[in-house]
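Asks: Listed here are the chains, written in short residue letters.
2 protein chains.
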Amino acid sequence: VASVKNPADSHQHPIEIDALIVGAGPVGLFQVFQLGLLEIKAHVVDVLPYAGGQCAELYPHKPIYDIPALSVCTGRELTDKLLAQIAPFGAAFHYGQQLTSFEKQPDGRFLVQTNKGIVFCTKTLFIAAGVGAFLPRTVNLQGLDRFYGQQLIYPNTGTASSVYADKNVVIVGGGDDAVGWAFRCCAGFGDASDASEPKARSVTLVHRRDVLQASPDKLAAVHALCEAKKMRFLAGQLTGFEENNGVLTSLEVCGIDGQESQVPTDALLILQGLSPKLGPIAQWGLDMERKQLRVDTETYSTSEPGIFAVGDINTYPGKKKLIVCGFHECVLAAYGAAAIIFPERKVPLQYTTTSPKLHQLLGVIPAAD
Amino acid sequence: VASVKNPADSHQHPIEIDALIVGAGPVGLFQVFQLGLLEIKAHVVDVLPYAGGQCAELYPHKPIYDIPALSVCTGRELTDKLLAQIAPFGAAFHYGQQLTSFEKQPDGRFLVQTNKGIVFCTKTLFIAAGVGAFLPRTVNLQGLDRFYGQQLIYPNTGTASSVYADKNVVIVGGGDDAVGWAFRCCAGFGDASDASEPKARSVTLVHRRDVLQASPDKLAAVHALCEAKKMRFLAGQLTGFEENNGVLTSLEVCGIDGQESQVPTDALLILQGLSPKLGPIAQWGLDMERKQLRVDTETYSTSEPGIFAVGDINTYPGKKKLIVCGFHECVLAAYGAAAIIFPERKVPLQYTTTSPKLHQLLGVIPAAD
Numbered sequence: 002v003a004s005v006k007n008p009a010d011s012h013q014h015p016i017e018i019d020a021l022i023v024g025a026g027p028v029g030l031f032q033v034f035q036l037g038l039l040e041i042k043a044h045v046v047d048v049l050p051y052a053g054g055q056c057a058e059l060y061p062h063k064p065i066y067d068i069p070a071l072s073v074c075t076g077r078e079l080t081d082k083l084l085a086q087i088a089p090f091g092a093a094f095h096y097g098q099q100l101t102s103f104e105k106q107p108d109g110r111f112l113v114q115t116n117k118g119i120v121f122c123t124k125t126l127f128i129a130a131g132v133g134a135f136l137p138r139t140v141n142l143q144g145l146d147r148f149y150g151q152q153l154i155y156p157n158t159g160t161a162s163s164v165y166a167d168k169n170v171v172i173v174g175g176g177d178d179a180v181g182w183a184f185r186c187c188a189g190f191g192d193a194s195d196a197s198e199p200k201a202r203s204v205t206l207v208h209r210r211d212v213l214q215a216s217p218d219k220l221a222a223v224h225a226l227c228e229a230k231k232m233r234f235l236a237g238q239l240t241g242f243e244e245n246n247g248v249l250t251s252l253e254v255c256g257i258d259g260q261e262s263q264v265p266t267d268a269l270l271i272l273q274g275l276s277p278k279l280g281p282i283a284q285w286g287l288d289m290e291r292k293q294l295r296v297d298t299e300t301y302s303t304s305e306p307g308i309f310a311v312g313d314i315n316t317y318p319g320k321k322k323l324i325v326c327g328f329h330e331c332v333l334a335a336y337g338a339a340a341i342i343f344p345e346r347k348v349p350l351q352y353t354t355t356s357p358k359l360h361q362l363l364g365v366i367p368a369a370d
Numbered sequence: 002v003a004s005v006k007n008p009a010d011s012h013q014h015p016i017e018i019d020a021l022i023v024g025a026g027p028v029g030l031f032q033v034f035q036l037g038l039l040e041i042k043a044h045v046v047d048v049l050p051y052a053g054g055q056c057a058e059l060y061p062h063k064p065i066y067d068i069p070a071l072s073v074c075t076g077r078e079l080t081d082k083l084l085a086q087i088a089p090f091g092a093a094f095h096y097g098q099q100l101t102s103f104e105k106q107p108d109g110r111f112l113v114q115t116n117k118g119i120v121f122c123t124k125t126l127f128i129a130a131g132v133g134a135f136l137p138r139t140v141n142l143q144g145l146d147r148f149y150g151q152q153l154i155y156p157n158t159g160t161a162s163s164v165y166a167d168k169n170v171v172i173v174g175g176g177d178d179a180v181g182w183a184f185r186c187c188a189g190f191g192d193a194s195d196a197s198e199p200k201a202r203s204v205t206l207v208h209r210r211d212v213l214q215a216s217p218d219k220l221a222a223v224h225a226l227c228e229a230k231k232m233r234f235l236a237g238q239l240t241g242f243e244e245n246n247g248v249l250t251s252l253e254v255c256g257i258d259g260q261e262s263q264v265p266t267d268a269l270l271i272l273q274g275l276s277p278k279l280g281p282i283a284q285w286g287l288d289m290e291r292k293q294l295r296v297d298t299e300t301y302s303t304s305e306p307g308i309f310a311v312g313d314i315n316t317y318p319g320k321k322k323l324i325v326c327g328f329h330e331c332v333l334a335a336y337g338a339a340a341i342i343f344p345e346r347k348v349p350l351q352y353t354t355t356s357p358k359l360h361q362l363l364g365v366i367p368a369a370d
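Just so you know, the sequences run in chain order D and W.
Using my numbering, read the first sequence as starting at 2 and increasing by one per residue.
Using my numbering, read the second sequence as starting at 2 and increasing by one per residue.
I should point out that these hints are in silico values taken from the structure, not numbers from a laboratory.
Nothing false has been slipped in among the hints.
Same chains, same label: a pair holds when it works inside one copy or across any pair of copies.
In silico lysine-lysine, DSBU-like type, Cα no more than 30 Å apart, as pairs:
1. Lys278 x Lys347
2. Lys347 x Lys292
3. Lys321 x Lys42
4. Lys117 x Lys82
5. Lys321 x Lys358
6. Lys358 x Lys292
7. Lys278 x Lys292
8. Lys322 x Lys358
9. Lys322 x Lys278
10. Lys82 x Lys63
11. Lys105 x Lys347
12. Lys320 x Lys42
13. Lys63 x Lys358
14. Lys124 x Lys321
15. Lys292 x Lys124
16. Lys105 x Lys117
17. Lys321 x Lys278
18. Lys168 x Lys219
Using the sequences plus the hints, can you model the full thing?
Replies: As structure tokens, then:
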């Protein structure tokens with residue numbers, strides 16, 4: 002496998018572990034459970050600040066009907082149930098970060114580092130990254146990145162901030178979040194009806210199409226604000242920018258009608274939603290098919306022994322991207338890992354219904370039948 | 002594949018169907034669900050008189066801890082939840098019967114018949130028979146079978162009957178059921194404390210070992226009844242019988258001490274528990290490994306196209322006999338079957354969270370998110 006940047010350069014002492022799971026979606030969570038039953042403690046890394054993955058990010062309140070024996074549950078409920086189920090195994094969760102560097106050690110272990118600087122040295126690695134890490138969709142304009150974190154912001158959904166008071170604000174996006182932010186900047190950042198609230202100096206909403214995805218009343222409000230010259234809506238793309246001593250001063254927008262506009266800019270808010278990206282894992286040299294990791298169906302191992310892939314990120318003949326399939330994959334991957342972590346002994350299949358050992362691990366004392 | 006007895010001899014008109022599932026355990030039930038999502042209606046045959054399979058038969062009240070997102074549930078609860086989940090798909094259940102004969106038709110369909118005379122002509126067949134059909138353990142004594150249903154009985158657990166009043170009753174078995182039946186025959190068949198209840202003339206309990214598996218108080222009661230000459234306990238095996246004009250009159254028991262006893266017998270109750278048997282399926286000529294059916298992991302097809310095997314009955318590299326694995330197998334088997342049932346069209350993967358078509362099939366109208 003390829004090695005990507007040398008984590009040994011880091012000053013952090015690596016955390017030596019048996020199993021690292023990338024992704025805290027339903028399948029990553031159930032991987033914790035299956036490893037736990039085999040007495041393997043797991044660490045979990047996820048780019049989101051909470052568990053649940055796609056379920057929590059894309060459809061937290063939408064019902065799912067095809068989890069066996071759960072006629073209906075939302076993504077949030079499924080996540081909560083899985084978190085409760087895996088609680089006895091005390092997995093360590095590292096949220097809000099991604100693996101960046103990766104290196105195979107001479108002893109077969111993997112040295113990996115997150116973008117927050119945590120370094121793990123792990124015997125086995127489970128990629129349960131779904132369709133990839135959910136990262137904000139970026140604007141494709143060379144050189145713009147240099148303003149990231151200062152004038153270029155990917156705001157969290159729904160969080161208002163008065164730092165944009167009296168600023169020239171440009172908002173890129175066409176959905177509810179973008180439209181909502183435009184309203185807040187026009188009307189002030191607190192109670193929208195309070196005229197004494199600080200407002201942005203100018204508000205420009207830029208979207209690649211002339212159709213916004215928002216409710217009819219919001220669209221009417223956008224129209225009214227534009228008519229009253231309190232907001233400007235440009236259908237088009239960012240094509241350039243101007244700066245002065247490292248400070249962004251204006252953006253160039255090329256309209257879908259071919260018209261170019263210069264928009265004075267103090268703050269640029271990007272609200273184009275989240276997009277899943279496989280990220281650095283794609284550079285590890287694992288055998289892939291399109292954007293999926295090829296696995297065998299005996300242990301769901303990737304082409305690199307010790308690295309397993311479970312859930313939507315893997316592919317094999319017959320693969321269906323369903324949560325229930327990911328759950329099965331976790332079982333066989335856990336046994337595959339056990340053979341690596343405990344090379345000296347055979348790990349037998351035990352049943353949670355009958356095994357006193359598993360009852361102890363789960364912290365339960367079942368009644369006699 | 003082998004053909005076993007010709008069902009065409011039957012006078013019954015075959016029921017023409019798309020999918021027949023053998024086994025109504027958790028995996029057979031979830032197979033109904035996965036077929037239902039693909040608009041394939043299923044018929045289900047099970048030897049037990051109710052759904053649940055091993056879960057319901059072997060551990061109905063014992064907790065299971067490893068069903069994803071169900072921290073704990075009993076076998077009975079799991080069965081009930083699955084029955085509720087599959088209800089929208091209106092599967093037809095045929096309980097208390099086994100498939101006996103099997104024949105492949107020239108058009109590729111399978112003609113199968115149950116021991117209750119129902120004949121199906123099905124495009125696809127799903128064997129979800131677990132460790133096999135649960136049938137009462139029999140006594141291995143040549144010629145004894147001829148009394149079956151008359152003097153030789155496999156009683157249902159817990160059902161008393163006064164037909165044994167004034168009879169010489171021999172009970173074979175060493176567990177709770179056998180001991181319980183012995184008590185009821187000694188004390189009468191209704192309220193045990195009512196001395197006016199009809200009693201058996203004699204009660205002999207025969208078990209292959211001199212250790213009974215029953216609670217200490219029951220063992221004490223057995224001892225007391227034997228001391229009082231109201232019951233006889235023989236540790237040994239049935240080695241012969243006598244009959245008179247087709248009527249069983251006595252049994253020969255060879256004790257573990259080598260002693261032979263003749264026991265007058267009007268009724269022989271066999272209570273040695275249930276034992277799983279693969280049954281006639283083993284004679285269909287499918288590729289097997291020990292007692293399991295070999296399947297591919299792309300569609301969980303057996304060696305015979307159109308016959309799938311899911312759950313504990315199948316085997317493949319990495320196989321673990323866990324319910325969660327069987328659930329996954331159902332998904333891929335359903336798609337494998339869809340390719341046979343709908344050869345003219347590709348069956349796409351749809352999600353229950355987003356597909357209006359699946360919502361319609363499930364009979365749900367999810368709230369907008």
